[in-house]
Amino acid sequence: MRTLFLFICCIIHITATIGQGSTSPFRKGYIRLGIQLPGKSLDHMLSPKENMVRGNFGNDIGFNIEKGHIFYFIPAGRAKTINAGLDWTVISVSGTPTAKSWKNYTRANTSYVNEDFTSKLFLSLATKAGPVVSINPVQDLVIDVRVQASLGVYGLGPVYEHYADDRYDPETLNAFYPYPYDEEATGIKPFTQAFHAAIRPNIGASVKWRSIGLAADYSPGNINMKYREVTNGAGSTGEQKITMNTFQVKLSLQGKK
833 MRTLFLFICC IIHITATIGQ GSTSPFRKGY IRLGIQLPGK SLDHMLSPKE NMVRGNFGND
893 IGFNIEKGHI FYFIPAGRAK TINAGLDWTV ISVSGTPTAK SWKNYTRANT SYVNEDFTSK
953 LFLSLATKAG PVVSINPVQD LVIDVRVQAS LGVYGLGPVY EHYADDRYDP ETLNAFYPYP
1013 YDEEATGIKP FTQAFHAAIR PNIGASVKWR SIGLAADYSP GNINMKYREV TNGAGSTGEQ
1073 KITMNTFQVK LSLQGKK
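Our numbering applies: residue 833 is where the sequence shown begins, and numbers increase by one.
Everything labelled a hint here was simulated from the structure, so no lab data went into it. Built from N, CA and C at the ideal position, the CB exists for glycine as well. Be aware that a few hints might be false.
[Claimed, not checked] Have a look at the derived ranges for each label pair, beta carbon to beta carbon:
| # | residue 1 | residue 2 | range |
| --- | --- | --- | --- |
| 1 | 969 | 1033 | 21 to 29 Å |
| 2 | 918 | 1024 | 24 to 32 Å |
| 3 | 1048 | 1015 | 39 to 47 Å |
| 4 | 998 | 1050 | 15 to 23 Å |
| 5 | 940 | 903 | 44 to 52 Å |
| 6 | 876 | 977 | 13 to 21 Å |
| 7 | 999 | 879 | 45 to 53 Å |
| 8 | 1046 | 945 | 17 to 25 Å |
| 9 | 1046 | 912 | 18 to 26 Å |
| 10 | 863 | 973 | 18 to 26 Å |
| 11 | 1052 | 947 | 16 to 24 Å |
| 12 | 863 | 1068 | 39 to 47 Å |
| 13 | 903 | 939 | 44 to 52 Å |
| 14 | 981 | 1073 | 12 to 20 Å |
Throw the hints in and build the complete structure from the sequences for me.
Right, dumping it as structure tokens:
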């Protein structure tokens, strides 16, 4: 933890040093890193399947790292108080470990055992693009407001598997996979089948002073979750549109113009 803290401090120092000789406050490149705030809490009165098809994956705090570039319509050296352009977040990676939420769930609902839950992680990889308006009200202070379309893939966990006896007899298996699990899949499909693609809106704002700032993003929308359920060894598939709203708060580091 101490090493990570020192690493972040070094990034801030280097980025701030780069920007000291700049003449325009409208900076183009950025790196943002921060936290993804809690999602929907688990309801211990519901089954694992009922929670997941309702979009209840846990209220743990996650992380977000992204890198992008603003393509301004007015050259940075000529823009005065206001500028506009295209904000392209080239890559945005988010992850939320949900082990704590599911552990608390099994404590409250003794019908389930914590060890039967694996892959307790909400993961996403996305690219976002859309218009941005930047306002420079005073000195090196810049306020950005952006609206983007986010194209991403989402891994929804956990996987639930329970055998009614100690012999791991397939006929006694009860399970729920938040994706169309195919045990005969080969190549990269065993990995890719666990992800769902979706397009969601993203609304964000940043307040920046020279090379450092704070950013916040809100992404509402739905994910079409295909899943596989096993009851006493008999498998079936289904599909459910789930609501997935995420909110992130990040440190924003701006590079050269």
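Okay, the hints, checked on the actual structure:
1. 969 with 1033: 21 to 29 Å: 27 Å, holds
2. 918 with 1024: 24 to 32 Å: Between residue 918 and residue 1024, where Cβ atoms are some 30 Å apart, the hint holds.
3. 1048 with 1015: 39 to 47 Å: About 42 Å separates the Cβ atoms of residue 1048 and residue 1015, which means 39 to 47 Å holds.
4. 998 with 1050: 15 to 23 Å: 47 Å, violated
5. 940 with 903: 44 to 52 Å: At 50 Å between Cβs, range holds.
6. 876 with 977: 13 to 21 Å: 40 Å, violated
7. 999 with 879: 45 to 53 Å: 24 Å, violated
8. 1046 with 945: 17 to 25 Å: 42 Å, violated
9. 1046 with 912: 18 to 26 Å: 24 Å, holds
10. 863 with 973: 18 to 26 Å: 20 Å, holds
11. 1052 with 947: 16 to 24 Å: 34 Å, violated
12. 863 with 1068: 39 to 47 Å: Given about 44 Å between the Cβ atoms, the range holds.
13. 903 with 939: 44 to 52 Å: Holds, at about 50 Å.
14. 981 with 1073: 12 to 20 Å: Holds, since residue 981 and residue 1073 (Cβ atoms, about 18 Å apart) stay within the stated range.
Consistency with the previously given hints fails for numbers 4, 6, 7, 8, 11, ordered from lowest to highest.
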